[in-house]
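Please arrange chain B on chain A, whose structure you already have, making use of the hints.
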Amino acid sequence: MSEPAEARTARDLNLASCRTCCKLVPADQHRCPRCGSVVHLRETDSLQRTIALLITASILYIPANVYPIMYTDQFGRTEASTIIGGVVLLIKLGSVPVAAVIFVASVLVPLGKLIAMFYLVWTVERHSPLEPRQRTVMYQVMEFIGKWSMVDVFVVAILVALVNLGGLLVIRPGIAALSFAGVVIVTMIAAESFDSRLIWDEMDNKNGNRPA
Amino acid sequence: MDNTIACQACDLLVNLESMRPGQRASCPRCGYRLTRLRPDAVERLMAYSIAALVALVFACLFPFLSFASSGVESVMTLPQTPGSLWRNGLPLVAILVAAFIIAIPALVLVSLLLLSVPLARGRFRPWLKPIGRWLFHLQSWAMVEVFIIGVIVSLVKIAKMATVTLGLSFWSYVAFAILFTFAIGVLDRYQLWNAIEAAEKETAS
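As you go down the protein sequences, you meet chains A and B in turn. According to our numbering, the residues represented by the first sequence are 11 to 222, in order. According to our numbering, the residues represented by the second sequence are 721 to 925, in order.
Chain A extracted, bound-state conformation (with noise of 0.2 Å):
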C-alpha cells in the first residue's frame, strides 16, 4: 500500500487526542476543554514507565512462586502449597482442566505478559520483524488477559473464608498471595501506561509525516 504523504494522525495535524473523552485537542494547549483531562500527544516517559513496572514485576514474581499460596491444617499436620504445587496437586486428584485453568492463569498469562510486553516496548524504538498491526493486536491482549491471573488470589480468599472445621481441617493463606496479587496489579498497570500509539509512529515518521 503507498499512501501518499498527508496528514493521517492526529500527531500530523498537531492534535492531541484527549485520552479520557476522545476530543481532539490543539497539541499546545494543557487540559482538554471539554473534560478537563490534562492532554499529551503521546504518554509522558511512556517506555520508561512500562519498563521500570515490568521490572518491578518480574521481581515480585519470585517470592510469588517460590513461597506458599497456602496452608492446609488437617489431623495436626501442615501442608504447604505452592502456585506450582497447587497445579501439581490437581492434576494428582484428576482434575485436568482446572489444572489447566489454573496453570493458564496463574504461569502462562503473567510469563507471557512479562515477556510480550518487553517485547513491544524493545520494538518501539528498533525494527520487528511482526507489523505494527499484529503488534496492536498483541497489546490488546495483554491489555484484557491482566486481570485473569487474579483467579489464584481469589481461589485461596474463598477457601480461607469457606475451610474452617475447627481443628478438623483449616486453610491459611501464604504470603505469595500477596507477592502474587502485587504481580498482576503492577503488569496491569504497565500495560496502562504503555501507549501503543508508539508503535505506530516509527512508520507514520518514515512515511515522512514528521511534523515541525
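Think of the hints as simulated: they come from the structure by calculation, not from any bench. Every residue gets a Cβ at the ideal spot worked out from N, C-alpha and C, and that includes glycine.
Quick partial rundown of chain A residues pointing at chain B, CB under 10 Å, derived from the structure:
(1) Ser27
(2) Leu51
(3) Leu100
(4) Gly156
(5) Asn174
(6) Ile181
Cβ pair distances, simulated, as ranges:
(7) Ala62/A - Thr923/B: 37 to 47 Å
(8) Ile69/A - Ser789/B: 31 to 41 Å
(9) Leu140/A - Met881/B: 41 to 51 Å
Just chain B now, with coordinates in the frame of chain A:
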C-alpha cells in the same frame, strides 16, 4: 473536526459522519473498536446498573457457599471472603480482594446511575464530568467475572474433601456478574462524552 475521532490505539484520524444508529466503527488501520452508536445507550446503562446493584445487595446478604465434613459445617458469605484474609494476617490482600469483587464494581454501578439518570433526560449536573473522568480508570479494576471462575476452581479443589452447597448469594452474584458485564458492554467513552457535552450545551442555552 467534530465528527472526527483519533484511534485511541494508533492515532489514525477517522471520520464518523456517515455512522448510522446501531452501527459500530473500527479503526481501518489497526482494527481497534472505536465506538458504537446506540440511541438507547443511556437507558440501557440505567436499567442494567439498577438491576446489577440489586443483585449485588442480595449477593452480600445470604450464604454464598457452605461446606460440610464429618458432621461439621461452615458457611461462608461474600463479605467474609476478604474478612478471613484480614484475620489471617493479610490485610492488604483482604482490601484488594474486597475492592476488586465488591467495592469497585459497586462504585462503578453507582457512577453509571449518577451519569445515566440525568443524561436520560438531557440534564446537565456538576458531577457528570468528574465521574466521567474517573469511571474508566475504575472500571478496568472490576474483576467480577474473574471471581466467578475463582469460585468454580475452588469448588473443584474441595469437592472431594467434603460436601459443598451453593447458596442463594452465589446465584445472585452470577446474575450480578452477567448484568455488570452487560452494563460495561454498553459503556462507550466517545458517545458518553458527546452526551455529556450535549447536555451541558442544552442546559446553558
